[in-house]
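S.K.: Whole structure, please, built from the sequences with the hints as guidance.
Number of protein chains: 2
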Amino acid sequence: MYENALELLKEKRYPELRTMLIEMEAPDIALLLEEAEIEVVPRIYRILPKELASETFAEMDPDMQEMLIKSFSDNELGEVLEEMFLDDMVDLIEEMPASLVKRILRVTPPDSRKSINDLLNYPEDSAGSIMTIEFVDLKKHVTVKEAFDILRKTAPDKETVYTCYVTDARRHLIGVVTVKDLLLAPYDEVIENIMDTGVIYNYTHDDKEEVARDIEKYGFLAMPIVDNETRLVGIVTVDDAMEVIQEEAEEDFAIMAAVTPSEDAYFKTSVWAHSKNRILWLLILMLSSTFTGIIITNFEDAMNALLVSFIPMLMGTGGNCGSQSSAMIVRGLATEEIKLKDFFAVFFKELRIALLVGVVLALANTARIWVMYSLIYKDADIDIWFLSLAVGLTLIGVVILSKVLGCVLPMLAKRVNLDPAIMASPLITTIVDTCAVLLYFNIALWIIPL
Amino acid sequence: MYENALELLKEKRYPELRTMLIEMEAPDIALLLEEAEIEVVPRIYRILPKELASETFAEMDPDMQEMLIKSFSDNELGEVLEEMFLDDMVDLIEEMPASLVKRILRVTPPDSRKSINDLLNYPEDSAGSIMTIEFVDLKKHVTVKEAFDILRKTAPDKETVYTCYVTDARRHLIGVVTVKDLLLAPYDEVIENIMDTGVIYNYTHDDKEEVARDIEKYGFLAMPIVDNETRLVGIVTVDDAMEVIQEEAEEDFAIMAAVTPSEDAYFKTSVWAHSKNRILWLLILMLSSTFTGIIITNFEDAMNALLVSFIPMLMGTGGNCGSQSSAMIVRGLATEEIKLKDFFAVFFKELRIALLVGVVLALANTARIWVMYSLIYKDADIDIWFLSLAVGLTLIGVVILSKVLGCVLPMLAKRVNLDPAIMASPLITTIVDTCAVLLYFNIALWIIPL
Chain A
36 MYENALELLK EKRYPELRTM LIEMEAPDIA LLLEEAEIEV VPRIYRILPK ELASETFAEM
96 DPDMQEMLIK SFSDNELGEV LEEMFLDDMV DLIEEMPASL VKRILRVTPP DSRKSINDLL
156 NYPEDSAGSI MTIEFVDLKK HVTVKEAFDI LRKTAPDKET VYTCYVTDAR RHLIGVVTVK
216 DLLLAPYDEV IENIMDTGVI YNYTHDDKEE VARDIEKYGF LAMPIVDNET RLVGIVTVDD
276 AMEVIQEEAE EDFAIMAAVT PSEDAYFKTS VWAHSKNRIL WLLILMLSST FTGIIITNFE
336 DAMNALLVSF IPMLMGTGGN CGSQSSAMIV RGLATEEIKL KDFFAVFFKE LRIALLVGVV
396 LALANTARIW VMYSLIYKDA DIDIWFLSLA VGLTLIGVVI LSKVLGCVLP MLAKRVNLDP
456 AIMASPLITT IVDTCAVLLY FNIALWIIPL
Chain B
36 MYENALELLK EKRYPELRTM LIEMEAPDIA LLLEEAEIEV VPRIYRILPK ELASETFAEM
96 DPDMQEMLIK SFSDNELGEV LEEMFLDDMV DLIEEMPASL VKRILRVTPP DSRKSINDLL
156 NYPEDSAGSI MTIEFVDLKK HVTVKEAFDI LRKTAPDKET VYTCYVTDAR RHLIGVVTVK
216 DLLLAPYDEV IENIMDTGVI YNYTHDDKEE VARDIEKYGF LAMPIVDNET RLVGIVTVDD
276 AMEVIQEEAE EDFAIMAAVT PSEDAYFKTS VWAHSKNRIL WLLILMLSST FTGIIITNFE
336 DAMNALLVSF IPMLMGTGGN CGSQSSAMIV RGLATEEIKL KDFFAVFFKE LRIALLVGVV
396 LALANTARIW VMYSLIYKDA DIDIWFLSLA VGLTLIGVVI LSKVLGCVLP MLAKRVNLDP
456 AIMASPLITT IVDTCAVLLY FNIALWIIPL
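Chains as they are written, first to last, in this note's numbering: chain A, 36 to 485; chain B, 36 to 485.
What the hints contain is simulated information worked out from the structure, not anything from laboratory work.
Any given hint might turn out to be false.
Identical chains share a label here; the pair holds if one copy fits it or two copies do between them.
Cross-link-like lysine to aspartate or glutamate pairs, in silico, DMTMM-like; alpha carbons within 25 Å at most [unchecked claim]:
1. K252 / D231
2. K252 / E129
3. K252 / D192
4. K180 / D223
5. K85 / D146
M.R.: Next up, the structure:
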């Protein structure tokens, strides 16, 4: 369908395109418009039925939204905004330049404007900042039949109707009832008798990731959000939770690869912006590897090509071991599988893993040196067994150090409320590199008679 | 609530514990039982009401499920299984040892047994392997009122009732209608008139990640799954989609950190298993860094401490640049933001980023050498400007090489249907290390009169 529509678009067969578009889903139409020439976008947009047009608008990139708003009359803008959910409007306002925000707020009815302002005031990354206030609430004395009547009346304006929240006169959350519960109950049953009172909820100031994880854990379609007086003020829906989990994973990926995270898409980000996001960490890591360099310059005695040739392997193995541990711990902390109270359990587990891995690698390395000695280094000036011993001991030391740092640093970061991912591979690699060289030259000069 | 229940559990106050448990959600009860002493688990499990007990059972770790099944009579086991959804039963059967599977299938009614066998036959990672067959289907001629009656009758056995699928006599999927649509329509309206006919669906053989991404993209609560003749055979629900997306991200994290991915939790995996998952890549990478070592041994002339001291920085920067690019590309491919047809666009973008980043780093490095020369290397035997030039040129070359490899290799991997994450940081790092040393010594020996 998408491909056919794209064809019609390219051939400018608009009447047929319209017939096709009204059968399509909003995210696909938004993607299609990305492919269209910029001048025809407003024209195609205007052939969409009102509701579908608003849904499509909410799915678009900020650039395209901005372009469209500029092409709208106040009247048209008002119609689009009227159909939008409040949380989508908040997202829109956060992305638009100040001049457009003014215009958007001007054509918004005063009561929505107030709600939007309230939502804009929640701190970034808080549950309040991603919640919607368009949920269904019921009073406990209504019957199932009355509840269905309420749902029928209010459904068009609610983002999800399948979970209804029961509140008392002061808007405290006292129960929850699903449409499935309503379907299974007799029409004259009172909500109070079928509602679930052990309601799980989050606070507006809770971290949005915590809310997303809870929605995933409990398999909810929506999580109720309460204020400090446990009054129900909004809900976070499962589709927003999926987005939060996805964004969080992308952010961790970026940080662990030493890139400053950005919410913008790869192709939407300019070469300049990409470079800026990457260069800070590279500079920090480059300058910090100066220490490793200084250490090497202090070992003029050890400047033997055979000895130096093991440095890349030692540094590489240390870096990889550190990445392995830190990646496991960072993700474990993110998914809450590992908690701070598990510090010592993790520490000793990594220590045992490091010992095992270190010894195996040292043995493999000895075998490798032995093979290479008999093939390449036949006339080397260093004794093969001394060399194996020095490299092997360093290897075990480096593996232990990198695995221990790889688990301790992310947990320490978490303890002081930093993002654990910052402590992942690149920083650990730099520390391990320095220590690896220091350890290696000291052990080598001590063991090997040069 | 969870903390209070834990306290009651530890003080063995079971009657009070029961009162508390029946108010709790199944995932929390499963977590609580993990904390209990193994002998009391079956006893606490038996005080739960039947439905909650089954839900809790489905949330448990395989170890605990196995232990409980062994403690069940056939009768008890039958009761637990009767309440479980078929897709949860399939998950259970896939985790249990053969002897228990036999027992489970023996106490399962024949028709469920047949469905389970069908589900077990779908290939791993296919949509079929994660779908459930317990969905609501309607015929197009029923009225809204009749549809509600059907929902009321069948709801208890269905995993989700909020999206109903309309099928013809031969079970072809012809439309979809949500409970929200039903709520908004008059009771005597016929389904055919309100159903959405532009149904989006996936095939049983589609990759489960594709289905999960589509569910996320369209904001669906469930995705219909059809067989090769487009007959509706099952649905994938949003909670399973969230799990797939989560698992996929964890898998990419593991592979990019050079760990063989495993589905088991950190603490549930033994030191042996952890070591095994990590050692393969370490060995491969260690042995491949042999090449870098061999190159160094061939540059006996260049064994000048000051010259050698820049190797860690060059290798580190190359590795980090490669990780940055490959991480962006691997995740872009995973979320389908970057497609294979974008190959050249990505290539040229990374090339321009590399040039910009490389030049900035080379300049920063010159400044650093200049500062250090005047402070530390006052009596060095190498000319500062020659050194800066050699290191700077190498740096630019290494950055370009690593960024290009970082985008080309994952895309090539994808092209030949390998997991792009395998081509991420560790492997690229190794290639870049080798090239960095080769490039550096050649440039240095050519520029610097040693």
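S.K.: May I ask which of the numbered hints given earlier this structure violates, with the numbers listed in increasing order?
M.R.: Violated hints: none; all satisfied.
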